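Chains as they are written, first to last, in full-length UniProt numbering: chain A, 1 to 462; chain B, 1 to 462.
Source of the hints: derived by calculation from the structure; they are not laboratory data. Small disclaimer: the values here were computed from a predicted structure and weren't measured.
One copy or two, it doesn't matter: identical chains are merged, so the pair holds either way.
Derived pair list, reagent style DSSO-like, types lysine-lysine, alpha-carbon separation capped at 30 Å:
1) K447 x K385
2) K356 x K248
3) K286 x K356
4) K368 x K213
5) K286 x K213
6) K112 x K213
7) K117 x K447
8) K6 x K443
9) K414 x K447
10) K248 x K213
11) K213 x K356
There are 2 protein chains.
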Amino acid sequence: MSSIDKVLARIDADLDNSLDRLFELLKIKSISTDPEFKAPCQEAAEWLEKELNDIGIEASVRDTEGHPMVVGHRKSGKPGPHVLFYGHYDVQPVDPLNLWNRDPFDPAIETKEDGTKIIVARGAADDKGQLMTFVEAARAFIAETGDLPVDVSILFEGEEESGSPSLHPFLEANKDELSCDMALVCDTGQWDAETPAISVMLRGMVGDEIIVKAASRDLHSGSYGGSAQNPNHIVANIIAGLHDENGKITLPGFYDDVIDMPAEVTAMWDKLGFDVEAFLGEVGLKHPRGENDRTPLEHLWTRPTCEVNGMWGGYQGAGTKTVIPAEAHAKFTFRLVGDQDPDKIQEAFRAYVRSKIPADCSVEFLSKDGSPALRLDFAMPVLEKGKKALKDEWGKDAALTGMGGSIPIVGDFKRMLGMDSLLIGFGLEDDQIHSPNEKYNLKSFHKGIRSWVRVLDELAKD
Amino acid sequence: MSSIDKVLARIDADLDNSLDRLFELLKIKSISTDPEFKAPCQEAAEWLEKELNDIGIEASVRDTEGHPMVVGHRKSGKPGPHVLFYGHYDVQPVDPLNLWNRDPFDPAIETKEDGTKIIVARGAADDKGQLMTFVEAARAFIAETGDLPVDVSILFEGEEESGSPSLHPFLEANKDELSCDMALVCDTGQWDAETPAISVMLRGMVGDEIIVKAASRDLHSGSYGGSAQNPNHIVANIIAGLHDENGKITLPGFYDDVIDMPAEVTAMWDKLGFDVEAFLGEVGLKHPRGENDRTPLEHLWTRPTCEVNGMWGGYQGAGTKTVIPAEAHAKFTFRLVGDQDPDKIQEAFRAYVRSKIPADCSVEFLSKDGSPALRLDFAMPVLEKGKKALKDEWGKDAALTGMGGSIPIVGDFKRMLGMDSLLIGFGLEDDQIHSPNEKYNLKSFHKGIRSWVRVLDELAKD
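Next up, chain A with everything else stripped away, as it sits in the complex (with noise of 0.2 Å):
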């Protein structure tokens, strides 16, 4: 048996091990967005230091204005690249709790009717589970091999579902010790669950929070209806003037700076074969919405959106409540491509909401940072060697594909420590990330161990 095969045969041995150290990191309650579990987030950063370190990667949490970081190191000048892997251990919020079909934080292995195996919990996929993959993975290397192929950095972030906040400062902060030769980022998902993908196109996001205000105070609408201004009435007309009747979105230049993508890219790409209907399908929807003359691939990959994450007024209780609110919100993001400036695509929406706003009412912007989208360089050397890594543990060819989500620590690494990332990641379409009943499919969590292996066995090669 080579040593790579070695190291495989550990992990397959170990899975059982390897499933109770993620329960353990999937039940900690790490929900970044609401300061209510601040000490579940730094639970899960000590307990991924103690992790780290118990394997051989030397380990520290690192305080933040915020959630802390975890940072990790195992060098020793090796020749191949230094390679810097990230990944999140905060998770979304779990509301609605009541769709859940068990405790969000109770992970468990359940087998769908098809005889897939799943892991059921918040943050199973998004991203404990992925980053979990790579931890495995070089727990297996060392303990087999007594070490690690390429010399290996670990940055683990605990507010990439809050905006990432304290990112930026730290990555300014501690820019010689995170700068390395790539980074390896896990926070992305296979083609399908037969074919695994390294993604080269992300969209970038800005996103804005608005707050409407009409009267000083909550008005009887038997008194005022009609005539004092409902901030109901005007959320409403913003969100319902920002697409046309073609589903393409109005705010003037908007689409300015989105580039096509060329005739070749999308050759590739049709060849894929995505499946509309499956996609829908899998939600319970049939007709693609959006600009109708775009094709679902495209509205995911290299198009712009604007959706309306949440908004509310006045009374949402049981019965009738005859009020006007004095005051109405609604939260925004856009998802950005091609050369988009955040910047520039929060300025047209703001002044497009104020040319919303009637006298009588006033608008109140509560700020988000944006990131502009990235294109990698499809000739980038280390793109190979995934690929061939990926090949080997799959059977198949890696789609290189867009992706509909952010990760902006990726524009955040190309720009700040000048590194380029190799995106792979083993989520599913399915994996209801964000979402009620989130899940990682146990194949994505094996394979994905094993998958690691192989890659940085690759990028030790010449």
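Using the hints, position chain B against chain A.
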């Protein structure tokens, strides 16, 4: 001293005790719309039953499918009209609780900067303070003269703020017991702090609540944004399309049965000198919204309106959650005037909503009962008696007004029991009913009690 002067003097001397009794009632958390407060609603009914029996009105708590009624009688076949006094002991919910300056169920007398004394509590004006004006008037009359000048029956309900689901069956089942010569209803306001009013025109109301659903679960906006329907956008489109740029409601046929007022009525109202600036200024506004060819007094009394009292969908917590919610909600109420038919308006609304539901979305309606508008006969003889009584107490002619809010009971009394209603109340525009920091002027309470003494005395005259 005439007997009526003695009754009035007793009221003045007993005011502190009257307030103590009112405070006992205000402390009971009888929120009818929320099932959690079922027990306090029962408690309020039993408290009123005891009060009425104590003062010599034979009363009992009468069970319904929902919150109980309190019915009382004191009658001996007097020659004057037999009157039924109506009020409601239930109150509106108190949220948002953080905007209250004190516990809404811990009543207190406060003194405003201008020296006005006010009773602050949920229900102080709507309707516990108002109904207690009549109870205290009856108490003083019986205590001082040994009897009431006319036969009196009482009906207090506990579901006025939650659509009165038990009222129709109760009136139907107790038609003989409750049918009197006329009703006295105390749930309305004065023209201003110095000018009493009798309401002769009431708007109707019909409401509806919608739930718009799309995907079978919450979605990640990075994955499904642009492609999947977002119920927040659909609900916003529905709300935004309900009014045109001139503030007119767009439902087909909506204005068909609206009746314009005769010129003599509007001329009378013009003399009232409605102060738009003060009306809006009191709540921090300046610019009348609504149909831009109508005055705010028309919006309030003679024009139909449509207001969204609540809307919600998606994430409302702190920070960002990149979600497309599976569903979104909105609560609507329409104020009706003239001959507008609640059922017809609801049908037009539902047809409109359905026309805005795209493929892949569905809508569910949560049914709400409606009531048509009412106009009393300006030549009704008891109107003159009411006007004389009020002028004697307040030294000013009573204004004959319309009313913005709905009082469905008046229509029920007319249609089910064949009774006209004399609507006399002592609320003021700035009472903040249905809002935080609800209050009732001490003067309204005191002179309200005295006014009922004079009204009962007038009604007993030939």
